[in-house]
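*Asks:* The listed protein sequences correspond, in order, to chains A and B. Numbers given in the working numbering equal positions in the first sequence, counted from 1, plus 84. So in the working numbering, spot 126 of the second sequence is number 109, and the numbers just go up one at a time.
It is possible that part of the hints are untrue.
When the alpha-carbon atoms are kept at most 27 angstroms apart in a straight line, the in silico DSS-like pairs for lysine-lysine are as follows [what the hints assert, rightly or not]:
1. B:K24 <-> B:K6
2. B:K24 <-> A:K287
3. A:K226 <-> B:K162
Anything over 12 angstroms on all C-beta distances counts as not near chain B; from chain A, calculated [to be verified]:
4. P100
5. Q134
6. N176
Since the hints were derived computationally from the structure, they do not count as laboratory data. Keep in mind the model is a prediction, meaning the values are calculated, not measured. C-beta atoms are modelled at their ideal positions from N, C-alpha and C, and glycine is treated no differently.
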Amino acid sequence: MLLAQTRDAYLDYNAPEVSALVMRCQAGDLEAFDDLVARYQRYVFNLIYQHIGDSSELEDLAQEVFLRIYKFIRKYRGHASLESWIYKVVLNCCRTHVRRRSAFSRLFMPFPPAAQGDERSYEVLDTLPDSTYDPAKTVEQKRLAEDILWAVRALPVVYRDILIMREVNELSYEEIAEILGISVGTVKSRISRARDLVRQRVKVS
Amino acid sequence: MNRKIISRWVNEYLDGEIGLADKAELEARMAANPELRQEYKELRQIGLLLGCVPEITVHPHRFRQRVRAVVDSSERSYFTAQRVFAVAMLVFLLIIGLTFSLFIYQQRMLGIRLVPASTRPQLGPTPLRPAYNFTLDTHVSAERFFNRLLVESRLGMAEAGVLQVFATQTQVFEGAVCKNGGGLNSTTFPQPLPTSLIVSVTPRQARALARLAQQLSGAPAYVRLAGGSSAMDFDSFIADNPSVASIPLYIVFH
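One chain only, chain A, in its complex shape (with noise of 0.2 angstroms):
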């Protein structure tokens, strides 16, 4: 009967094909866990790096994010997306990142560079704009790019979080409510208050 539900509920919100791979996941069957991964890398990768940045851990935390996927996979029940239940995964990794790395700096021992090259298993791709063949304003766009993702990757983490699932990842305010566990009145407000904090630090002409 729970089993019943539970597949029912993968259906609402998962195509079958995902509902099937998180019910093989859940019995253990490593294939399928393989599988998940290679679905899913490219997505965690990018909400990795829309939250932190490019990190010499970038790799490591995805690897931690997957870990725990496959750790707690059984506790997934199907009340949201299978997407969204990684998202949140990955924004606790993240958190308990940062926490580990503030501690760390403390020490005054930075961080060791990132991987290059061949020592990695992801690139980083442009994606600004190319509307317009003005080589002077596509400079002047990107470092305008580069100051507002820094003014946002300043956010106190409540702001740059939800900043970043809406304009970045573009999920609805019921779906930010879903994975924050908050109200959607609070993620407006939130949304509200982020979007002031980072206008207030970016001069956009």
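Guided by the hints, dock chain B onto chain A, whose structure is given.
*Replies:* Just chain B, lined up with the frame of chain A:
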């Protein structure tokens, strides 16, 4: 109109979540207010540029292999959470067992069998020192107690060696003078006698001292054990512990 409401409308407008009536109202206000229009434009540009965060592409196999290797090793790992928990529980139970065994062993070495307080009559309200295992409350003064002890010794009624216990282990008889042929209360002590004493006695001697105290005060004399948690009479103690050679006895006078 409230600035907060306008700000909320601007944000809902940016997110495409604004109601039709509010949308018309906001657009009219923006048309009339260049400052509001500028604010909207800036927020919109921030959103657009934020949407251009660089993207990550992941090598199709490299990361998968890495995760697979870690998952495999964690599956094979001897130190899984369940095993660590089981070992911790085992160690915990072992410590509890050892502690309990040690407690029982100590009790047997002392030769003491505790008698629950509920099975024996409780002593009076006199507060007794809990630091000693055996406490005898005489309910009489030291002078009266030792006078009686001396008389009984002279008459050969006292338990063997009781007088020697006090003569060798304390100084109560130093300078004591016997008058009037050794009758009752005939001994005077030059120094003030203590209100309490600690002596090492055999259980039989302790029983004799308890009986002496009982005869003098008329109140039943019991021995209270450490902490004042249990009380017992010496007959029971001797019967239960025939092998005990001596006990420390804390004697209280009034």
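*Asks:* Determine for every hint whether it applies to the structure shown.
*Replies:* Status of the hints after comparison with the structure:
Restraint check for K24 (chain B) and K6 (chain B): satisfied, since their Cα atoms lie roughly 16 angstroms apart, inside the 27 angstroms limit. The straight-line distance between the Cα atoms of K24 (chain B) and K287 (chain A) is roughly 12 angstroms, inside the 27 angstroms bound, and the hint therefore holds. The suggested pairing of K226 (chain A) with K162 (chain B) is violated, with an alpha-carbon distance near 118 angstroms, which exceeds 27 angstroms. Its beta-carbon lying about 23 angstroms from the closest one in chain B, P100 (chain A) satisfies the requirement of being farther than 12 angstroms from that chain.
Distance to chain B contradicts Q134 (chain A) as a non-interface residue, since its nearest Cβ pair spans about 6 angstroms, not more than 12 angstroms. With a minimum CB-CB distance of about 18 angstroms to chain B, N176 (chain A) clears the 12 angstroms threshold, and the non-interface call stands.
Violated hints for the displayed structure, listed by number in ascending order: 3 and 5.
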